[in-house]
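Student: Single-letter residue listing:
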Amino acid sequence: MEHDIVMRTQGLTKVYTMGKTEVHALQGIDLTIDRGEMIAIVGASGSGKSTLMNIIGCLDYPTSGTYYLDGVHLENLSRNELADIRNSKIGFVFQGFNLLSRTTALENVELPLLYDRSKRKIAIRKTAEEALERVGLGDRMDHEPNELSGGQQQRVAIARALVTNPSILLADEPTGNLDSKTSVEVLTLFQELHSQGMTVLLITHESDVAHCTQRIIELRDGKIIHDKHIQQEMADMTTSTEAPASLDPDLDS
Amino acid sequence: MKGSTLIKIASQSILKNKMRTMLTMLGIVIGVGAVIVMVAIGQGAQSQIQEQINTLGTNMIVVTPGSSRQGGVSRGAQSYNRLTIKDSEKIKRESLFVSAVSPVVFSRTQVIGGQGNWRTTINGVSTDYQIIRNWDMKYGRFFDQSELRQMRRVMVLGHTVAENLFPDEDPVGLTVQVRNVPVEIIGVLEPKGQTASGNDQDDVVFAPYTTVQTRLSGWSRIFQILASTPSSRDIPAAQEEIRAIMRESHGISRFAEDGFTVRNQNDLAEAEQGTTEVMTLLLAAIASISLLVGGIGIMNIMLVSVTERTREIGIRMAIGARGRDVLTQFLVESIVMSVLGGLIGIGIGFAGSSILSQLTGWNTVTSPTTIMIALAFSAGVGIFFGFYPARKAAALNPIEALRHE
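Protein chains in written order, with this note's numbering: chain A, 1 to 253; chain B, 254 to 658.
It cannot be assumed that every hint is accurate.
[Claimed, not checked] No farther apart than 30 Å at their CA atoms in a straight line, the calculated lysine-lysine pairs in the DSBU-like style are these:
no., chain 1, residue 1, chain 2, residue 2
1, B, Lys391, B, Lys345
2, A, Lys121, B, Lys261
3, B, Lys391, B, Lys645
4, B, Lys261, A, Lys126
5, A, Lys20, B, Lys645
6, A, Lys223, A, Lys20
7, B, Lys645, B, Lys271
8, A, Lys121, A, Lys181
9, B, Lys269, A, Lys126
10, B, Lys645, B, Lys269
11, B, Lys261, B, Lys271
The hints are simulated quantities; they were obtained by calculation from the structure and are not laboratory data.
So here's chain B without its partners, still in its complex pose (with noise of 0.2 Å):
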């Protein structure tokens, strides 16, 4: 039989009963669209963390201190080698594929003036910091190198400062107080939003890390050095570069562990990429068991409609089926009515994301991915549970089958 005659006749007998149809299509309409929303949640998610990883900067590399080994016994913080200035200096020197290097010195300290006065944290940084982040200005400008080498007191604003201390103003000019010495307002930069963890990334300010070290602290250790590469292709390379002019800087024997640790920004970003990913697989699980109720809803009503329709299977033998005639012609039926669900499950599972978004505001992501894989899904729904019931038929002897009242 041709594949446009068994669809036919398939059809044909579906729609002889709609409203059986249309109820057992439900539980496939209900299980594919409720894949398809929790799924377009979940990758709503994710896309949101990608989005906010990428404010971070653009091929950033982070130097810290401190060992990263994952698998056996960590010495913990004893191990770490302390980060310095040459360290940074060496890496801008030496390595071929990083373009900017910026250390980062860090001081939580009160900052007064305009409005009043704000708690916020002190980068001190170098001039590349901006490259690095890939960072706009707001007003103003980033400070440049001979700032740098006379540590001069200016700083630039995080639009959070701002925002609190000089609200609807361009502060650039103005003077604020950090820890008794005055600091020249020189720029602020455009706003970047919170992290993937919730830290709002605008509440800081920046200045020169020579400033900030013999100024506005009295604490000169370095953080992190941050490193960026021209193009991602040459962030693993650039990552064993800094790796191995760091060992060189420490000394480092050969065997010996680091102490320190070298990533990129997915590194970071990957734990809470893991976190939603799981997230999404939940949901996706979760709503496949209304799929797979939906899919027993259809065994259920193939198994009837092969015993209601056991005379016109022994019919259907008796001028000539075969087995498989029978089989394939309700195995067909079967997936006719679970893809027919799964599309409209699909247009209602759209639907529903982009009313939810609306409703909630949360990002949702719907993808021909999602598309495919919920088709292909009720597809093998109705071949899974349509099977037994139209093998059941296809075993009929047709005598029997002929008498069946």
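Same shape as in the complex, but just chain A (with noise of 0.2 Å):
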């Protein structure tokens, strides 16, 4: 298959100043991503892959460096336009969920939309019903947040994240705040749409999650010292989780 990049870092460097102590966050990191990988960004805490992911999902700038995103390099770009990139080509979902409280689904969902700036015509209630009926939750539009289990919360953050298209989806700790048998629903769903053609970037520090994608990289003091592709027969397994097989994973309550 012909490499279609989708993003690609050259020698970033992020460094924080406190005080007088200069922390070198990341230290060149080189990084290319194909459209359609699913990827898992794993280190210890402190490793640099919150930043890395701030700096990828166009939070943050880069001390030094390229970066470039589906079409658009990313160096001297203003606040504003990094707030467009985040609207149209990044999507994010967060360990806690990170959803509007009294705010419905579908309203959390359409959100991203209303800040479309590129003039296409959107059919903002229509696309969002539809990207919530993809995370299997088209029963669930009207319910606001706290009606809504861990997981289902989780679907309609993924939703949000999928509903503008996307370029990457960035995951940071999916599952953390999930129970075992609710975080292989969600990372089946990111699976799921991993199969469907999307590029998916989950950052963990939990190798049952980091092994449900096909490509592990790990981070260590803002290097990175492993890449490694895994076998596809693992990547389509869901996990070794301790999850009993006898529980239905589409339980909703």
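Mind docking these for me? Both chains are given alone in their own frames, and the hints should help you get the complex.
Tutor: Printed below as a string of structure tokens:
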């Protein structure tokens, strides 16, 4: 298959200055991701994976290095331009779901479309409904986050990330707040999206989660120390979670 | 983002905290309500004065002796020229703009008759006086030209005098004594009420100036000459014309001062209008302070809201909101709150003014202009006091905002 590069960084560094000490959070990251890959970035805390995710997610600027994302070189972009990139090319899924409270699932999913500046005509409601149906919550659209289980909330968050049809789905510890059974469901959903062609980047410290991807990148002290592709069969397994096989993974309640 | 979406989002987050929103709005409600009531009282007083000014007469011009110079050194009473009947006649004869002219001779005196006696002012005037003052008769008639020429002892009573000497009675045809001279009452005027400064305009009697000068007082000086024009447009021209006629009549040299004053009724009223305008402004200024306090309340709550919703701001930024979107959202929230408060305040202000005028009998005026100004003001308060918190929200770093607990 022809390599279709969706994202590439070269010599990415990030230095935080805290008083007189400089913290080198990233020390030269060269990373290339093809369209349709499903990747896990792993590393202990302090390894720089959050910093990397913030830069990939256009929430932060690198100190040096180049970053190319789906046709756009992201050096020297203004705050506003970065906001527009986040809106159109990146879908975020957070550990803590980060849904707006007292706002229905549908309205949460509509939100990114309200900030769309591409001037394309979008049927906001219809697109949001489709995204919710895609994550299996077609019957929960009018529910507010406090009426939904953790797994359902995370699926609303995934629908919100999907709704703008981003170039890359960035998930930061997406199963960190979920029990093992629900984690399986959510990871299965990511695998489904991957199989439909979505580029998925998981950031995790759990090796179980990492092993349901095709490629694992390990960071330590701001550098990539391992970048290994996993066998296809392994990736297709829904990980070796401890969840008993008898439990129905579709349970919502 | 579309405007309607913005307002919808703002309304949603305002409604999430109903109690807090209501209390915050209360500041604006009270502020706007107070401004409206205060302005209503002030404008009520102004309109009352305007009404009283209108009772003075229609398009009235007053000529008085003495200099009216405002700047520089006045030579005081010495600089005045006496007014004469000739002046009055000359104005009547020569002026193109003036349609009615009357000299006025005053005399304080006792009028005896009917139920007793009454001290009042006798005004010696001409037949035009009734036209100038636009004063209708209650009983009888005003005196006419022949009575004026023949210095007849006839008299028209002001309403107050008639009420005191002849209560509940039509005195036309009866006789009163003035300085031991019997005078026939030929009419009673309709009441005009008080002037702005509280003088009773009806505590007066009128007689031909010829009669007053020759028979009812030893005093023949003319205190003022009143004139009027058919239309208010002619007043400035008429004033200039009267001035020219007077200067000619008194042979005043080109560079000398007039020595007399020509004013119209608005000039007369200006001082009192000025006073109430100052009062209205003062009342509005005091009331505005409460609006200011309300605005500070909004700012306070918006700052709390920004802190509380830091995470929400982070989420919105992560999914693509620009700083400006966040700024607008919070600004719209504070404007919606203040305008809503303003609208309620207008309602309360209107109700308050009408209750107040019923309780106290004060005249209050609420105009569409007041509403527009009050609305604009409350929106302005929302923008002014909402801007700082909104800017603070917009300047948040998305990463830190997302981490915020």
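Student: All hints are to be evaluated individually against the structure, with a verdict given for each.
Tutor: Here is how each hint holds up against the structure:
no.	hint	result
1	B/Lys391 to B/Lys345	28 Å, holds
2	A/Lys121 to B/Lys261	21 Å, holds
3	B/Lys391 to B/Lys645	73 Å, violated
4	B/Lys261 to A/Lys126	19 Å, holds
5	A/Lys20 to B/Lys645	28 Å, holds
6	A/Lys223 to A/Lys20	23 Å, holds
7	B/Lys645 to B/Lys271	23 Å, holds
8	A/Lys121 to A/Lys181	39 Å, violated
9	B/Lys269 to A/Lys126	26 Å, holds
10	B/Lys645 to B/Lys269	21 Å, holds
11	B/Lys261 to B/Lys271	15 Å, holds
The structure shown violates the earlier hints numbered 3, 8.
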